[in-house]
Structures are given as structure tokens and as C-alpha cells.
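Trainee: Listed below, chain by chain, are the residues.
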Amino acid sequence: MFPKGTKRKFSDAGEEAVGGGGGDQGPSAASSSSSSAAAARQSLLDMSLIKLQLCHMLVEPNLCRSVLIANTVRQIQEEMTQDGTWQIMTQALAAAQCPADRLVATEVLCRQTDPAAQAGQSPKPFSEAEQDHLRADSRTGEQVFGTFEIKHPAPPPDPALDELFSDVDPSYYDLDTVLTGMQSAPKMGPYDLLESLSSHGPTALSSSSSCRSDLNELDHIMEIIVGS
Amino acid sequence: MEEESDTRKINNSFLRDHNYATEADIISTVEFNSTGELLATGDKGGRVVVFQREQESKTQPHRRGEYNVYSTFQSHEPEFDYLKSLEIEEKINKIKWLPQQNAAYFLLSTNDKTVKLWKISERDKRPEGYNLKDEDGRFRDPSTITSLRVPVLQPMDLMVEATARRVFSNAHTYHINSISVNSDLQTFISTDDLRVNLWNLEITDRSFNIVDIKPANMEELTEVITSAEFHPQQCHTFAYSSSKGSIRLCDMRQAALCDKHCKYFEEPEDPSTRSFFSEIISSISDVKFSHNGRYLMTRDYLTVKVWDLQMENKPLETYQVHDYLRGKLCSLYENDCIFDKFECVWNGSDSVIMTGSYNNFFRMFDRNTKRDVTLEASRENSKPRAILKPRKVCVGGKRRKDEISVDSLDFSKKILHTTWHPQENIIAVAATNNLYIFQDKVN
Chain U
0 MFPKGTKRKF SDAGEEAVGG GGGDQGPSAA SSSSSSAAAA RQSLLDMSLI
50 KLQLCHMLVE PNLCRSVLIA NTVRQIQEEM TQDGTWQIMT QALAAAQCPA
100 DRLVATEVLC RQTDPAAQAG QSPKPFSEAE QDHLRADSRT GEQVFGTFEI
150 KHPAPPPDPA LDELFSDVDP SYYDLDTVLT GMQSAPKMGP YDLLESLSSH
200 GPTALSSSSS CRSDLNELDH IMEIIVGS
Chain E
0 MEEESDTRKI NNSFLRDHNY ATEADIISTV EFNSTGELLA TGDKGGRVVV
50 FQREQESKTQ PHRRGEYNVY STFQSHEPEF DYLKSLEIEE KINKIKWLPQ
100 QNAAYFLLST NDKTVKLWKI SERDKRPEGY NLKDEDGRFR DPSTITSLRV
150 PVLQPMDLMV EATARRVFSN AHTYHINSIS VNSDLQTFIS TDDLRVNLWN
200 LEITDRSFNI VDIKPANMEE LTEVITSAEF HPQQCHTFAY SSSKGSIRLC
250 DMRQAALCDK HCKYFEEPED PSTRSFFSEI ISSISDVKFS HNGRYLMTRD
300 YLTVKVWDLQ MENKPLETYQ VHDYLRGKLC SLYENDCIFD KFECVWNGSD
350 SVIMTGSYNN FFRMFDRNTK RDVTLEASRE NSKPRAILKP RKVCVGGKRR
400 KDEISVDSLD FSKKILHTTW HPQENIIAVA ATNNLYIFQD KVN
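If you read the protein sequences in the order shown, they are chains U and E. Residues in the first sequence are numbered from 0 upward in steps of one, following numbering that gives the first Met the number 0. Residues in the second sequence are numbered from 0 upward in steps of one, following numbering that gives the first Met the number 0.
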């Protein structure tokens, strides 16, 4: 269906996962009529996440710009939550047996803000309520203006390696070299995942299930960061 | 507007060769002083260039007060913050003149972190005939001094000196976006993304934080301050604009910390034009009080608005600067142009407003006649004393002669900074590394 090296759309990934999960249809399945709008929204989300990622690599980013981009991401997340797309994405991840904190970076980034604060009606635009809302989050330490940290997942079963490889576009490596290469602290980023993957060798590939998980994760990270 | 666009003539233009222009030459601010006699520009290289208007000459009546370079000095140098391992750019973000009180001129210039007070003074005499020093300044052997003389002042070639009189540093964690001198002539404010600080012009080691919107947890940050300005007459009133499109008016008499505004100006969002870019395009890039202190003007990405200080719920007037870009917001987001910070200015009588656009275009709006005009600052049609022709951008498919289509606009040529002479119809427009000065036609 897709030529090699072409990224799947987020919605496709969601549908696949949902289908595999046994017909647990999300509310957005009916929204095929507005698929172009959804695609536009997705590409905007992807674009925003890249911009934000690049902002984070600077010691002192242009604060106004990064706040406006972060708000845009929040707004998209809010809308995706409303039409169910966001849940599908989360479910897709759950279906792949990913630990919850794998999506943490995006979750925190796209966290909904307190409506009162959003409206900006109060003289002090940052309410305590929102802070509490945050505290409820298990990972309050993660910052909107922090980096996307990628956790090592627990190894899920089931390999389908050839298919997976068809999804990995070599051009993404370059982007991630740029993205991760600029970070000073050694972090486990998508590119590191790729590297550790290549060091496994072909025998490891065919047997190692952790490798599969890496790929799975890589795939997802790419979807978030690069998208369609 | 009383001055027709086609009668406007180019008085002077200071053009550097495009081919040799460097990043450092890009003009980052431009400002007339309160009499209009001087015009200052700041650039990305940290330099300040001051132009002075020529005295009118009877022998050459067509040379009506052209502006010539008066003084050039390096205001800020690149610095390094060792604690943050961060380079601090030398780029001049804003220049503000102090009203002239004696023969010398004073201006404030700021980069991202440090505000400096500069004194620009003339010297055309030098003392001669000291008893203990010779003409080169070396001390003479006392045994050779046999008689005493009275030192005299001798005329010499005019020299313009710029000296840094005060350096206001270490008060801003974020980037300073604006400074404003108070009408009391003793204090000024410097504003960064999250805070406004009040300074006394004489005291550099202490400033007072009067607005602080920094949340305890930076994760919750959803709004930043984009600009602030003092009221032109009431020394206790100032206004600041935000990235959410609102303006807050604060009264410093109410409390030391002006966290509670006394007026809040915001226009309700039009649901019909709502998009993911609504917030970004409503972010205010500049706020200016009118000279009479009755109105506020704000510039957002697509419009310029005039607010009556007595009406908080909606602007008095809204002018479309380049509405044809509304359909292109996604590309403008992609190439980051949507974050460009356009400034806006009033003319001397508050009847006309001016702001910049892309393709080296700038716009003027007459508030009384509701007429507007698009003009272009370009080298091609800007021979000295040439007349500017109004430009038109066509939106539809059919392009008429002299019109330019939206798709062929050059988004790398943007006019962000302009200034208007406080009394006369003389404007200065900064277009990348060129400064254009236009004025009414000379008869």
C-alpha cells in the first residue's frame, strides 16, 4: 500500500492497532470525511513538535516563540482528545504493550491547560489549579520545555521484522542525527536506538525481541517527530 | 492623510551595498529623538549610528534638512555568560532618547540583557597652555617652569563623543524586548519575556521588579510579555502587551508590585476565523501610546489596532495590514515568519499610523479619512528625491499592471522597524541593512 520509505499516517497506525486490538473502534473512526483536515492537523502537530524540539536544544530559546508553539500543540491535543484521535493513539501504544511513560514526553507537552488560565481573564495568568492538575500527573518532573526523553520499553512479543524495516526511512536518520547530535547530554534518543539496533547484527535481529521493541518504539517516535 | 503618497519624496537614503552586507549590518531598531533633530539606528552588530538633520540652507533650498551621520559608536559587544555557558548577542533591541535638557544628548540602548545610558556631546574647543603639562599631556619638569600663564580655550575641529554614562545590568533572566523612559525623566522600565523592572536613571545597582508573570513551575507558562511602555504624561501609568493578544494598563500608585492591572484590553475572538494559528497571530508585537495619551496602538501579525483607554472590551479601530496572508498562515508558520515582530508608530498629530509588512512594503493608515496606502522601500525606485508610488498586492487570479501577486512577495525582505518625526512628515524606515528616510514633497 505504501511504497518503501514512505511514512504511514498517524491515523493509519491508529486504525491498524485498533483493528488488531479486536475491533475496539474509537469515536474518530467515523471522521473519515474530515480526513484531510485531520492530516493537516497531524502535519501541524509534527511540525510543531520538531520546532519545539529544536527550541529545547538552545540554552535560551526565544521564549515567546516557544510558548506560542507549545500552546499550539496543546490546542491540537485538546482537539484530538475531543474527537477521540488522541485516545486512539494512546490505545495504539497500549496495544503494542508499551509502558505508559513512553509517551510521557508528548503527554506532558500536550497537556491540557486550565481553561481559566487559557482564557487569560485573571490578572495572574497561571493558576494554582493547573499546578494541582500537574501534580496528579505521575511524572511532574518532565517539563514542557525539557527534552523528549525516550524510555527503554519492556520487550513485547511478536516479531514481524521485514514489515517493520519497510517503515524505516533512512532519511529520518539524518534528521535525528541533527536532532540528537545537538544535545550535549548523552541521552537515549531515536538515533541511539538505531545505533544499538545496528550493532545487534543479523542473528540478534532474528531472535531478539527487545530489538523488536526498539524498532516499534523507534517507529512511533518517528511518527511523532517526523510524521507524514 | 494630508501628505499624499505621490508627493512624498525621498530625502536621503543611506544605502550599503547589498553584496557586501553582513548579518551585523541588519538594522534592528530606529528612533527619532523628541525634537526630530536626531535619528538613531541600532544594528545586529551592536553599533549605534546617530544622524543629525542639516540646518536649512538658503543657497540650496531643495536640500531641506537632510540627515547626515553625526556619530557612530559601538554600544554593545558580544559577551559570554559563563554560568549558563551562553553567548549574549550584541544586537541592539531598542533605542530610546531622553528629552534634551542641556547641550548634550542622552539615549538608552539595550541588547538582550543590558541597558546602557549613552551621552553624545560635542567638543569644538580644547584647553591650551597648562603650566604643569605640555601640549601632549606629559608633565613638565618643574625646574623648567619659570613663569606662570593662564590656560586658554582654543577652537578645534568639531568632535562628537559618545560615552557610556551608566550600565544597567544583571536584572534580566530573559530577553529584554523593550525599554521606555518615564515622563518624570528620572526613571525608566526595561521589559523581558516575564518581568518588568523599574530603574532610576542615576542608580545602576538596584532595580525594582514591578511586574512578574513567571509561574512557579515553568511548565505552566502559556503567556509572555511582548512589550511595555510608559504613558506619555502620567508618570505612574504604563501598559504591557502579551502573547495572548491582551494589553494590561497598570498604575504604580496602587502597589509596589503591579500584578493587578487596572485596565485589561482584549477583543473577543471571532469564532468564524478561528484556527490553530489564532493565538499566534493575535500575539501583540508592539504597543504604543498616542502622543496625547488617549489611545493605545497595538500591532499583531495581520492587523494594527487603536484602543481608546476608556474602552477595554474592543478596539476603536482595526486596520488590516496584509490580510491576503490569512490564507498562507501554515507556510508562514513553517518558515517561522509568523513569529516576526512588526512595530508600529504614530505620526506627530496621532492622525496617521504606520507599520511594516513584507516585500519591503510598509503601510500607512489615515484615521480620519480611513484611507490607506502601501509604499515600498527599495533601492530600485528610491533614487534621491524620487517620488514613491503606491503599491498594490493582488489577491485574485487577475493581476493588473503595477500589481504584485501574493505568491511573488519576498518574505525575506521585511520592514519591522519604522519611526516618525515627532512634528513633521518625515519617516525613517529600516529595510534589512538599509535605512530609508522619506519626507513630504519640497516645493
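What the hints contain is simulated information worked out from the structure, not anything from laboratory work. You may find that some hints are simply not true.
Okay, the calculated bits of chain U under chain E, using three or more residues with CB under 8 Å as the criterion [what the hints assert, rightly or not]:
#1 34-46
#2 52-62
#3 69-80
Using N, Cα and C, we set each Cβ at its ideal position, and we do this for glycine too.
Trainee: Look at each hint and say if it fits the structure.
Mentor: Hint check results:
{"no.": "1", "hint": "34-46", "in the structure": "holds (count 4)"}
{"no.": "2", "hint": "52-62", "in the structure": "holds (count 4)"}
{"no.": "3", "hint": "69-80", "in the structure": "holds (count 6)"}
Of the numbered hints stated above, none is contradicted by the structure.
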